[in-house]
Amino acid sequence: MTTISDVLREQVDARPDAIAIIDARRNLTLSYAKLDKAARRVEQALTVAGLKSGDRVLLFQPMSAVLYVVLLALFRQGMVAMFVDPSAEKGHLERCCAIAPPQAFIASPKAHMLRLVSPPLRQIPTAFVTFGTQIRRFGIPSPTTQGESAVPSPIRPSKNPQIAPVDIPSDHPALLTFTSGSTGKPKAAMRTHAFLLAQHNALAHSLSLQADAIDLTTLPIFVLANLASGVTSLIPDADLRFPGKIKAGAVMRQIHRYQPQSTAASPAFLERLVEYCDETSQVLPSFQRIFSGGAPVFPTLLATLQRLAPQATVTAVYGSTEAEPIAHIAYDDIAEGDRTAMRQGKGLLTGKPVPEIQLRILQHPLKAPIPPLSQADFEAKCSPPDTIGEIVVSGDHVLAGYLNGEGDADTKFRVEGIPWHRTGDAGYKDAQGRVWLLGRCAARIDDERGRIYPFTVEAAAQEFPNVRRTALTNHAGKRVLLVEWSGDAEDLEALKQTLSWAKLDKVRSHPIPLDRRHNAKVDYPALDRLLEDLEL
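Everything in the sequence shown is counted per the numbering used here, starting at 951 for the first residue and increasing by one.
By construction, these hints were calculated from the structure, which means they are not laboratory data.
From a predicted model like this one, the values you see are computed outputs, not experimental measurements.
Treat the hints with care, as some may be off.
[Claimed, not checked] Taking lysine-lysine pairs in the DSBU-like style, the calculated list, with each CA pair at most 35 Å apart, reads: (1) LYS1197 / LYS1002; (2) LYS1446 / LYS1135; (3) LYS1195 / LYS1317; (4) LYS1471 / LYS1428; (5) LYS1002 / LYS1195; (6) LYS1471 / LYS1456.
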C-alpha cells in the first residue's frame, strides 16, 4: 500500500454504506460509496478538460463535502492539490501562484469573484466552479469574446464514469501548501503520497481514531485521517477560517443534534465553545476525546474542557506545518508538580514525542545553514535533559524540504543523509523525556538581566485568575507583558508581583493581536506596531 488513496479505497470497499462526511452547512450526508461515486465523476471532468498526473490544481473551497470529493479525485489521478491560506491577503495569493503556477483552479462561486481582481488567477488555463458535490467547467472563450464566459459550461460528466486508473508511486507529489510568508517570501511545502500516509498513521495513533465514531472536525488535514480510518467527519456550519469568531451557539446546536464523540480543534475554537457553555450553563456530554492544537494550549483551557466534559480524555497536541503531530499530553497526565513548575517559569509542558518521530534538542543559537553531519557530530550538538535549545525533528511525516529548495538552508539539515527539520521553537526535554516549550527561538529576550523566553512568563501568567491571553515582548529595551484581563487594576499589579522573577518593566492590559489563521498565536510584528502606538 503506497498512497493515502489506497487506504481510502479500502474504506470504500469495507464500509460502503457507512457515513463518511456530514456537511452540516449544506445538510448533506455522504456515505463512503457516495463519496467514491462523486469523486469518480470529478475525475472524469478533470480528465475531459485535459488535466493529467502532476498538474497543480489550486483549490479555493471552504471545508465541505465537495472539498474532499475533489481531493480524492485529484489524488487518484496523480494531480497536486494546491492550497493558499484563505485568510491571507491577495498579494500573498499572487506570490504563491508565481512560485508554483497552477494549471487549474477549482473554487466556490463566491471565490471565483477573486478572478475579477487578480490577474494571476485569470491566467490559470482551466477553471471549475463547485456545486453540490460536483464541479463544472467554466465556458471556453469563443472567437468573438476576449475572456472566459462567466457562465459555466454545460458539459456534464456521465453518472457512472469508467476512469482509467493511474499508477501513482509513493514519492509522487500530492498536496502543496504555503507558509504565511510573514518574514518574507512564502515557502511552498510539498507533501507526497507517502508523507500523507505516514501522517495519517501518526494522527490515527495520536488521536485514537475509532471507526464509526463521529468527529467534529475543524482542521482540514484531520478529515483525511478520519476518512482513512473509517471515522465520520462532522464539518460544522461555521466560518472555520476564523475559529476565534465562530458563532458558538450554532455550533453547540449541531453538537446536540449529531452527538460527536470526539473533536480536534484550535484553542480559539474551543475557547468560544467554553465561553458559551459557561454563559448558558451547558456541558459537553457527548465527547469522549477532545484534542486541541495548532497554537499553544495552556492547562487552564484543558482544565475548563475537563470540567465541561468530565467523561472525556482532554489532550493538548504540539505540532507544526512541517510536522503534525510532534508530541501530546492528556490533561490527566499533568501533575500538580507540573502546574507548579509552569507557575515558576519552567515553560509549557507538551508531553512526550509521538512514537513516529525522532526529537532532539539542538544547542542554540546555531546559525544556518547547518552542514551535513555525522551521527557523532550531531550528538555533540544536542543538549542533555533540562538544557534549553532548539527543537529539531525527523520522521516519515516530517517535511524533508520545500519546493525548489526555497528555505531549506534555514530550516533543514541532514544527519548521515537523513533529513531533520528545525522547528524554530525553543524548549527542552525533562528527565522523563517530556518536551517543554519556551516559545519561538527568535522571540527570546536577551538583555542585561539575562535571557528569558516568552512561554516561561506567559504559561505562568495564564495560571493567574482573570487572565485570558498574554504576550511577552521586548520593546525599546523594556520587558513588556501585555495581558487580556478581566480583573481589577490592583490585581494586575499583583500579577506583576507574582512574576517578579521575570523582572518585567511593564504589565499592561490590552487586546493582543493574533495570527489570521488560528486566531490563537501572538502576531509579533503586529504586536511591535501596537506597542509603538501605546504610551508605555
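Outcome of the hint check:
With a CA separation close to 41 Å, the supplied pair LYS1197 and LYS1002 exceeds the 35 Å bound. Between LYS1446 and LYS1135 the CA atoms are separated by roughly 39 Å; this puts the pair beyond 35 Å, and the hint is violated. Restraint check for LYS1195 and LYS1317: the C-alpha separation of about 39 Å exceeds 35 Å, so the hint is violated. Distance check on the hinted pair: LYS1471 and LYS1428 sit about 22 Å apart at the alpha-carbon level, within 35 Å; holds.
Straight-line distance between C-alpha atoms of LYS1002 and LYS1195 comes to about 39 Å, which puts the hinted pair past the 35 Å bound. Proximity of LYS1471 to LYS1456 is assessed by CA-CA distance (about 21 Å); at most 35 Å being required, the pair is judged to hold.
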